[in-house]
Amino acid sequence: MKRTLGELAALLQGEVKGPPDLVIEGIAAIEDAGPREITFITQKRFARLASRSQAGAFIVAPGLADLARPLIIVPNPYLAYARVAALFAPVPRRRPGVSELACLGRDLTLGRDVSIGPLACIGDRVRLDDGVTVMPGCFLGDGVHLGAGTLIYPNVTILERCRLGRNCIIHSGTVIGADGFGFIPTPAGNEKIPQLGTVVIDDEVEIGANCAIDRGALGETRIGRGVKIDNLVHLAHNVQVGEHSLLVAQVGVSGSTRLGQRVILAGQVGLAGHLELGDGVRVGAQSGVNHSVAAGQDVSGSPAFAHKEWLRSMGQIPKLPDLYRRLKRLEQQVAELSASADEEPET
Amino acid sequence: MKRTLGELAALLQGEVKGPPDLVIEGIAAIEDAGPREITFITQKRFARLASRSQAGAFIVAPGLADLARPLIIVPNPYLAYARVAALFAPVPRRRPGVSELACLGRDLTLGRDVSIGPLACIGDRVRLDDGVTVMPGCFLGDGVHLGAGTLIYPNVTILERCRLGRNCIIHSGTVIGADGFGFIPTPAGNEKIPQLGTVVIDDEVEIGANCAIDRGALGETRIGRGVKIDNLVHLAHNVQVGEHSLLVAQVGVSGSTRLGQRVILAGQVGLAGHLELGDGVRVGAQSGVNHSVAAGQDVSGSPAFAHKEWLRSMGQIPKLPDLYRRLKRLEQQVAELSASADEEPET
Amino acid sequence: MKRTLGELAALLQGEVKGPPDLVIEGIAAIEDAGPREITFITQKRFARLASRSQAGAFIVAPGLADLARPLIIVPNPYLAYARVAALFAPVPRRRPGVSELACLGRDLTLGRDVSIGPLACIGDRVRLDDGVTVMPGCFLGDGVHLGAGTLIYPNVTILERCRLGRNCIIHSGTVIGADGFGFIPTPAGNEKIPQLGTVVIDDEVEIGANCAIDRGALGETRIGRGVKIDNLVHLAHNVQVGEHSLLVAQVGVSGSTRLGQRVILAGQVGLAGHLELGDGVRVGAQSGVNHSVAAGQDVSGSPAFAHKEWLRSMGQIPKLPDLYRRLKRLEQQVAELSASADEEPET
Numbered sequence: 056m057k058r059t060l061g062e063l064a065a066l067l068q069g070e071v072k073g074p075p076d077l078v079i080e081g082i083a084a085i086e087d088a089g090p091r092e093i094t095f096i097t098q099k100r101f102a103r104l105a106s107r108s109q110a111g112a113f114i115v116a117p118g119l120a121d122l123a124r125p126l127i128i129v130p131n132p133y134l135a136y137a138r139v140a141a142l143f144a145p146v147p148r149r150r151p152g153v154s155e156l157a158c159l160g161r162d163l164t165l166g167r168d169v170s171i172g173p174l175a176c177i178g179d180r181v182r183l184d185d186g187v188t189v190m191p192g193c194f195l196g197d198g199v200h201l202g203a204g205t206l207i208y209p210n211v212t213i214l215e216r217c218r219l220g221r222n223c224i225i226h227s228g229t230v231i232g233a234d235g236f237g238f239i240p241t242p243a244g245n246e247k248i249p250q251l252g253t254v255v256i257d258d259e260v261e262i263g264a265n266c267a268i269d270r271g272a273l274g275e276t277r278i279g280r281g282v283k284i285d286n287l288v289h290l291a292h293n294v295q296v297g298e299h300s301l302l303v304a305q306v307g308v309s310g311s312t313r314l315g316q317r318v319i320l321a322g323q324v325g326l327a328g329h330l331e332l333g334d335g336v337r338v339g340a341q342s343g344v345n346h347s348v349a350a351g352q353d354v355s356g357s358p359a360f361a362h363k364e365w366l367r368s369m370g371q372i373p374k375l376p377d378l379y380r381r382l383k384r385l386e387q388q389v390a391e392l393s394a395s396a397d398e399e400p401e402t
Numbered sequence: 056m057k058r059t060l061g062e063l064a065a066l067l068q069g070e071v072k073g074p075p076d077l078v079i080e081g082i083a084a085i086e087d088a089g090p091r092e093i094t095f096i097t098q099k100r101f102a103r104l105a106s107r108s109q110a111g112a113f114i115v116a117p118g119l120a121d122l123a124r125p126l127i128i129v130p131n132p133y134l135a136y137a138r139v140a141a142l143f144a145p146v147p148r149r150r151p152g153v154s155e156l157a158c159l160g161r162d163l164t165l166g167r168d169v170s171i172g173p174l175a176c177i178g179d180r181v182r183l184d185d186g187v188t189v190m191p192g193c194f195l196g197d198g199v200h201l202g203a204g205t206l207i208y209p210n211v212t213i214l215e216r217c218r219l220g221r222n223c224i225i226h227s228g229t230v231i232g233a234d235g236f237g238f239i240p241t242p243a244g245n246e247k248i249p250q251l252g253t254v255v256i257d258d259e260v261e262i263g264a265n266c267a268i269d270r271g272a273l274g275e276t277r278i279g280r281g282v283k284i285d286n287l288v289h290l291a292h293n294v295q296v297g298e299h300s301l302l303v304a305q306v307g308v309s310g311s312t313r314l315g316q317r318v319i320l321a322g323q324v325g326l327a328g329h330l331e332l333g334d335g336v337r338v339g340a341q342s343g344v345n346h347s348v349a350a351g352q353d354v355s356g357s358p359a360f361a362h363k364e365w366l367r368s369m370g371q372i373p374k375l376p377d378l379y380r381r382l383k384r385l386e387q388q389v390a391e392l393s394a395s396a397d398e399e400p401e402t
Numbered sequence: 056m057k058r059t060l061g062e063l064a065a066l067l068q069g070e071v072k073g074p075p076d077l078v079i080e081g082i083a084a085i086e087d088a089g090p091r092e093i094t095f096i097t098q099k100r101f102a103r104l105a106s107r108s109q110a111g112a113f114i115v116a117p118g119l120a121d122l123a124r125p126l127i128i129v130p131n132p133y134l135a136y137a138r139v140a141a142l143f144a145p146v147p148r149r150r151p152g153v154s155e156l157a158c159l160g161r162d163l164t165l166g167r168d169v170s171i172g173p174l175a176c177i178g179d180r181v182r183l184d185d186g187v188t189v190m191p192g193c194f195l196g197d198g199v200h201l202g203a204g205t206l207i208y209p210n211v212t213i214l215e216r217c218r219l220g221r222n223c224i225i226h227s228g229t230v231i232g233a234d235g236f237g238f239i240p241t242p243a244g245n246e247k248i249p250q251l252g253t254v255v256i257d258d259e260v261e262i263g264a265n266c267a268i269d270r271g272a273l274g275e276t277r278i279g280r281g282v283k284i285d286n287l288v289h290l291a292h293n294v295q296v297g298e299h300s301l302l303v304a305q306v307g308v309s310g311s312t313r314l315g316q317r318v319i320l321a322g323q324v325g326l327a328g329h330l331e332l333g334d335g336v337r338v339g340a341q342s343g344v345n346h347s348v349a350a351g352q353d354v355s356g357s358p359a360f361a362h363k364e365w366l367r368s369m370g371q372i373p374k375l376p377d378l379y380r381r382l383k384r385l386e387q388q389v390a391e392l393s394a395s396a397d398e399e400p401e402t
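First to last, the protein sequences are chains Z, L and U. Using the working numbering, the first residue of the first sequence is number 56, and each one after it goes up by one. Using the working numbering, the first residue of the second sequence is number 56, and each one after it goes up by one. Using the working numbering, the first residue of the third sequence is number 56, and each one after it goes up by one.
If you are wondering where the hints come from, they were derived from the structure by calculation, not from laboratory data. Computed from a predicted model, the values in this text were never measured in an experiment. Take every hint as true, because none was put in to throw you off.
One copy or any two copies: either way a pair holds, since identical chains are not told apart in the list.
Below, computed lysine-lysine pairings styled on DSSO-like, alpha-carbon distance capped at 30 Å:
1) Lys374 with Lys363
2) Lys247 with Lys57
3) Lys72 with Lys99
4) Lys99 with Lys247
5) Lys72 with Lys57
6) Lys57 with Lys99
7) Lys363 with Lys99
8) Lys72 with Lys247
Input sequences plus hints: build the corresponding full structure.
Here it is in structure tokens:
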């Protein structure tokens with residue numbers, strides 16, 4: 056893949072500075088880029104790295120337009136980087152068609168240009184729309200439906216009746232539709248509550264590696280349009296995640312909790328069950344949320360409260376031994392003052 | 056599957072109110088249930104939803120016996136729901152017999168009605184008792200033994216010599232019997248301690264998706280009868296979990312720690328190694344336990360202490376900046392008082 | 056496998072006490088060992104278990120040389136145990152050669168004595184050096200390279216172009232080279248940043264079960280020589296882990312963070328992105344690190360600070376309600392003192 060600087064600028068709707076016929080063959084980080092690669096500067100403080108960089112050209116914001124190197128000037132260099140990266144990204148290898156080494160159930164409905172890799176196992180009545188890719192080692196249970204363009208990486212498990220929308224990406228090792236964790240303690244032991252529901256995932260959702268998304272006990276676990284989920288995330292039965300939310304790695308969400316749109320859960324956050332987090336809520340890393348949170352709030356801590364207050368409280372934690380010492384000294388001083396005050400009437 | 060209200064009441068040993076010949080075809084949540092489905096009310100505060108519900112019938116506690124709808128009245132509606140759900144649950148599809156596309160080792164011992172799915176890989180000297188199901192993509196190492204009725208979902212890995220009891224359920228992606236994390240730091244690097252032990256799992260154990268249960272370094276990692284484990288849980292080498300304990304998602308238990316019976320570890324809890332948690336201990340979500348805990352205690356926090364005290368201490372955390380300000384003001388006031396007290400002798 | 060006590064002592068360069076021709080057939084923990092097994096005592100306080108032990112012989116430190124049982128006396132009994140365990144460890148079963156039931160790509164480069172199990176799927180241009188073992192159900196993407204002696208357990212996924220060094224061990228369910236979590240929020244949703252990089256793992260690295268090691272966004276995610284990683288660990292894109300570091304179970308490291316050599320991250324630790332942890336840094340269990348840490352420091356807490364100070368602060372947490380009560384009492388006393396001081400001029 057080769058592009059000229061001018062072609063890239065046109066794609067990015069940016070301004071060229073330097074030779075528009077300069078040939079670019081790839082994109083790389085500023086330290087690693089060579090003369091036939093373009094790089095990008097997202098923050099002014101990284102501009103000092105430019106002089107040492109071997110990069111053939113730079114994508115920069117208008118504030119760096121005076122850099123004496125071949126440039127593409129755009130309002131948002133980070134977004135421009137993402138788009139150039141997409142241009143140079145190697146196309147994930149798809150084996151065209153259905154592998155003879157896949158294991159297929161009955162009554163499949165396959166769209167145009169579906170790819171099923173070897174050693175994948177597809178249940179009965181599965182429907183795969185146009186352009187779906189199922190890579191090797193995947194298991195799709197009976198009645199699973201994948202929307203057009205969806206890509207399932209190797210060794211993913213999607214259990215019966217779960218449905219994914221269009222253009223989803225599911226990374227390796229993830230399990231969608233295992234039973235939720237529902238048991239009733241009885242004197243004889245923990246009695247299993249059968250998990251009869253499903254998982255419904257909307258369009259453009261991406262889920263990282265080795266996640267576990269449980270099916271509903273009754274009804275559905277739902278993930279809204281455009282949600283992006285990192286690795287090793289746990290969503291319990293009947294969780295709902297609103298559109299365009301971001302769940303960072305190792306987050307766990309307990310049963311029936313509902314997230315609004317564009318919620319952000321930072322890494323290792325845990326949410327209790329049956330909560331509601333409003334649109335735009337953000338939860339700080341490692342926080343534990345045990346109450347519902349109104350739209351637009353930022354919370355942190357375990358248990359979590361308002362993020363700004365949490366920051367102030369956390370500033371006090373290292374001072375606690377000092378605070379305790381000072382309290383004891385005060386107690387002694389006050390005792391002495393009280394004693395001498397008591398003596399005074401006698402003088 | 057169709058049942059009459061009267062048949063369901065007989066099954067539940069409950070009292071019918073309404074037409075006993077009413078036909079019920081499924082169970083659903085109160086918002087979702089239709090006229091041919093039964094639902095249930097577990098808490099009085101949900102009774103207000105009944106008037107809007109389309110459900111054909113309700114499972115309720117005696118306190119709601121005056122609801123003017125077809126009813127089954129039972130002491131524990133939640134348990135009754137579990138039992139009706141079990142009745143209507145779709146039978147997990149088993150491919151009868153051993154798939155021609157499975158890969159089988161030598162000297163297998165297979166009971167009656169064993170099901171081995173396609174693309175499963177079974178080692179030598181594996182023993183599968185009556186009614187065992189091994190779904191596609193699973194790996195069972197040499198000498199693995201699964202007790203009667205045990206169900207292994209797709210893409211599970213059970214390594215050599217591990218043993219599971221009867222009627223266990225292992226969800227997809229879980230790994231049983233990987234090496235424990237044992238290394239000795241030396242000047243040349245970290246020297247591996249070979250992990251020679253196994254994992255022994257008793258009857259009626261359920262383990263969620265993408266868990267990791269390590270084999271013993273020497274001897275066994277043991278999971279007792281009726282234990283239920285949620286997703287993404289880590290049990291290190293030589294851990295012992297007592298009967299009927301519940302481990303919620305993303306828990307991690309370090310090496311050689313022993314849990315008594317009916318212990319409950321809430322989500323994301325971490326336990327240090329070589330601890331003993333007595334029968335009935337409960338640990339709050341995200342807690343980190345670094346000392347043994349006597350039977351019957353509830354602990355929370357990281358590091359953990361008595362749950363009730365933890366609740367009180369956590370109530371103070373948001374007040375810390377205020378507490379600090381008040382301490383400083385007191386110090387100033389006491390300094391002034393001391394100064395004026397010192398002046399007094401001069402008056 | 057049978058060895059005499061004398062042969063084992065020679066192997067360990069230790070001193071024999073007792074019959075050098077005593078036959079030893081295995082190693083076990085002190086409670087479990089039988090008369091034909093050797094055991095070991097790593098700490099003096101376990102010596103009291105020796106009298107009840109059935110073990111045929113003991114590996115002990117010089118301080119226990121007076122134990123009246125067959126002994127091998129060595130400076131470091133724990134290390135000696137690891138070495139005897141390695142001697143008695145069952146050789147992991149390798150199917151010699153390439154299974155006819157594996158699925159192979161084109162242009163493979165296979166060294167001598169490579170083992171590829173059934174139902175493994177190998178991409179194009181994969182290179183497996185001498186003695187590599189790929190167990191059943193694994194997926195290796197195009198251009199993957201595994202160094203000599205590396206062992207890949209069942210159901211591992213290694214995606215395109217990732218490279219592992221010599222004598223690595225990767226446990227089941229682990230995913231190496233999934234896309235990093237890179238998105239740019241835009242009004243229309245979260246735009247994916249293509250993840251073009253790879254993962255490069257040096258020699259002698261061991262990675263536990265169900266981990267997720269993401270490929271670089273650009274450039275590489277790197278794991279240095281001799282690093283050992285426990286189960287369910289998440290490494291984000293472009294993380295670097297220095298030689299001989301230890302990452303305990305359920306750790307998460309955010310993007311571009313760099314660890315020096317011999318860093319230790321205890322269980323469930325989370326690190327923010329773009330940090331630098333110097334050589335020998337140790338982070339306590341469940342800590343959350345949001346700033347870089349200089350070499351040799353120990354930190355704990357969430358957010359983390361110096362471990363010793365953290366210990367002192369944590370000691371105060373259970374006392375907070377008492378501290379608050381004492382502060383309120385002081386305020387009242389001081390108010391009374393001030394009031395009486397104000398009255399004094401009138402006397």
